[in-house]
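2 protein chains.
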Amino acid sequence: MRCAENDIAALDASDPLAPARNAFDLPENLIYLDGNSLGPPSRATLSAVATTMNSEWREDLIRSWNTSDWIGLPKRCGQKIAKLIGVQRDEVIVCDSVSVNIFKLASALLAKSSGAIVVHADEFPTDAYIAIGLANQIGADFRRIEETAGPEALNETDGIIIKSLVHYKTAAVANISDWEKAARQKGVSIIWDLSHAAGALDLNLAVDGAEFAVGCGYKYLNGGPGAPAFIFVKKERASDLTQPLSGWMGHKKPFDFSDDYAPADGIERFLCGTPSIISMTALNAALDIFDDHSMAAIEKKARGLSDLFAEGCAELGLAPDAPPAEERRGAHLCFAHDGAYEIVQTLIKRDVIGDFRTPNFMRFGFSPLFLRYQDVSNAVSILKEILDTEEWRKPEYAMRAKVT
Amino acid sequence: MRCAENDIAALDASDPLAPARNAFDLPENLIYLDGNSLGPPSRATLSAVATTMNSEWREDLIRSWNTSDWIGLPKRCGQKIAKLIGVQRDEVIVCDSVSVNIFKLASALLAKSSGAIVVHADEFPTDAYIAIGLANQIGADFRRIEETAGPEALNETDGIIIKSLVHYKTAAVANISDWEKAARQKGVSIIWDLSHAAGALDLNLAVDGAEFAVGCGYKYLNGGPGAPAFIFVKKERASDLTQPLSGWMGHKKPFDFSDDYAPADGIERFLCGTPSIISMTALNAALDIFDDHSMAAIEKKARGLSDLFAEGCAELGLAPDAPPAEERRGAHLCFAHDGAYEIVQTLIKRDVIGDFRTPNFMRFGFSPLFLRYQDVSNAVSILKEILDTEEWRKPEYAMRAKVT
Chain A
1 MRCAENDIAA LDASDPLAPA RNAFDLPENL IYLDGNSLGP PSRATLSAVA TTMNSEWRED
61 LIRSWNTSDW IGLPKRCGQK IAKLIGVQRD EVIVCDSVSV NIFKLASALL AKSSGAIVVH
121 ADEFPTDAYI AIGLANQIGA DFRRIEETAG PEALNETDGI IIKSLVHYKT AAVANISDWE
181 KAARQKGVSI IWDLSHAAGA LDLNLAVDGA EFAVGCGYKY LNGGPGAPAF IFVKKERASD
241 LTQPLSGWMG HKKPFDFSDD YAPADGIERF LCGTPSIISM TALNAALDIF DDHSMAAIEK
301 KARGLSDLFA EGCAELGLAP DAPPAEERRG AHLCFAHDGA YEIVQTLIKR DVIGDFRTPN
361 FMRFGFSPLF LRYQDVSNAV SILKEILDTE EWRKPEYAMR AKVT
Chain B
405 MRCAENDIAA LDASDPLAPA RNAFDLPENL IYLDGNSLGP PSRATLSAVA TTMNSEWRED
465 LIRSWNTSDW IGLPKRCGQK IAKLIGVQRD EVIVCDSVSV NIFKLASALL AKSSGAIVVH
525 ADEFPTDAYI AIGLANQIGA DFRRIEETAG PEALNETDGI IIKSLVHYKT AAVANISDWE
585 KAARQKGVSI IWDLSHAAGA LDLNLAVDGA EFAVGCGYKY LNGGPGAPAF IFVKKERASD
645 LTQPLSGWMG HKKPFDFSDD YAPADGIERF LCGTPSIISM TALNAALDIF DDHSMAAIEK
705 KARGLSDLFA EGCAELGLAP DAPPAEERRG AHLCFAHDGA YEIVQTLIKR DVIGDFRTPN
765 FMRFGFSPLF LRYQDVSNAV SILKEILDTE EWRKPEYAMR AKVT
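Keeping their order, the protein sequence lines are chains A and B. Using this note's numbering, the first residue of the first sequence is number 1, and each one after it goes up by one. Using this note's numbering, the first residue of the second sequence is number 405, and each one after it goes up by one.
Everything labelled a hint here was simulated from the structure, so no lab data went into it. Just to be clear, a hint being listed does not mean it is correct.
Using 25 Å as the maximum straight-line C-alpha spacing, the simulated BS3-like pairs for lysine-lysine come out as follows [said to hold, decoys possible]: (1) Lys402(A) / Lys479(B); (2) Lys402(A) / Lys657(B); (3) Lys806(B) / Lys235(A); (4) Lys80(A) / Lys806(B); (5) Lys75(A) / Lys806(B).
Could you put the whole structure together from the sequences, leaning on the hints where they help?
Below, the structure is given as structure tokens:
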């Protein structure tokens, strides 16, 4: 049963996160259900990048490495993310991309303890591709386990598993604690990919026993297109690990220009080249909004928004490809439909932005910091119209763009 | 003999590159001799990043991957750089950092033909550190050759050499053609690091027989702090090479989400994760200034500026650690001095920006696009004052910052 209009208004009126929307500067009338793919800029982010460009870079030039602490940005961003995922502040650093960071961690772990690299059959593609690339490079085995396989599928001949915490389609959430216990018994290390989780779920990696993770800066963290990624290594494990992308920024004393490579003591050894300051400035500013809101409140509202959407869709005969309703879920929903690509294009034309995921999924994200319950309700109404009128069958909506 | 003031004015008056300075928005009275370390933003760069932030990202959000061709940025930037280094337009792509790109190329080449990884004893640190990291990872040999060693130092048991075209201290320029011929006879591949060369020297890599190179976006290309780097692979060689950082952006069809990794046909297979759009936008805009000026004119003026500086310094008893005057040289000069760190700090206090390189070098870069002969002449006068008065001996100038 869909909520009546006055119920929707009441939900927004009593929403403790409602003020967060003002921190963003979203286009009017746009219903943005794609913050899971690219979060929008906060006003603070727009302003921070302008300052970095016009003042730090243009005026202070090279001096800003010290005077604006550009050199400290990877650590400062890491400290903010550490809080969001429930680990110690000096256990996270921001650098490179998710793909590169998976490679660093996977290679470092296999150097300590060899074995196969494992991924689920339906793991996010780049995670599997990096696993394949590394396996071919160092002659490790690579194997896939079934989509639904639990930790019992791990073998003692496995070395590591690269695993999304939140599935990029179903939004199913793995139980970190169960996986870690089972993996440890088999001597397997888990690299958690938090890309679809960080900034959306209330995470406590330390409590749950996770030791290694990577994640994306441009989804729920709103760090901007292609924002730098992050990497987490539990402090006790960091100094054991030698990662092969040993560029100068991971050196204990980068500006001593010494002949030998001596890795920094903790998480900084996972740095490689010069950090991408302009992009990292955006992420750094974007993270500040999380100071004002608890991750528990954020996860709760994400669930409320996506439940509201799912209820509306149920009346349209659409059921998400999602875990059972009583289970924990990430902040997005996927619906299979033969016209998925065309429906998403039609929605975009109507200013409701979601995305298409091959082969036939419509995906919608429910970022709780800027979405109102009213937005979600309106999105359902527009979707209903598009389906009722079959507007999506117009040939113009079938043209495929390069990026989907 | 130093030029008289009216000679300096004449040099500026007849400088064909003089109009280029207007494309930048440098702080008044600043003499910026550090464009070799971090180039300044052009006005077009400041404006392009503002557009990406406020319009492409803020308004168009995820749609900009298609509508603003964000997805094509790595190729579009690569095409512009290809022109500057004298290779075909589809042989260069922009991505990641110099360190990461060296790793990709070195690993791909050694997978085809094993052997030791070679660097000069005085190679730029991160190049050597990456060589060490890769050697340890895959069990390859790593060896250093003497600072002054020529291509005859290569052995048939060597696989690759990672070599700066322009030395980061002396600015000595290697002869690509000689090195390539000698290396090929020994079956050794050369990865040229063009970081201190691209945008400063008139390069013709194709003519000279180079097949592989990487380079930096934030020095003479003015792409901004930590700008993405570039990678060049000769077309005929690209499809032979499999690089291990096989993230989704290097896939033939990234958005098909297929199980297997099928690398893109040409240089795009060297992409890895999602490109850092905000930083890459800056580099992309910065490169446009090279459309208006030939690299021959740029190299010629760089030489003119640095010769003028060297002549002035000679009168102060300072001789650069540089190749003989009749040889080709990059666009910077290094001077050894026991008070190098302090003198550089004193110059900075006086608005003359150079940098310090360990253990005792002052380094000054002569970016021809925004420097006037008058700036160089003034810098010499200020340096003379600082040395004459021994102002640099004040204790305040000896405080070491984190980044030098």
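**Request:** Kindly indicate which numbered hints from before are broken by the structure, ordering the numbers from low to high.
**Result:** none
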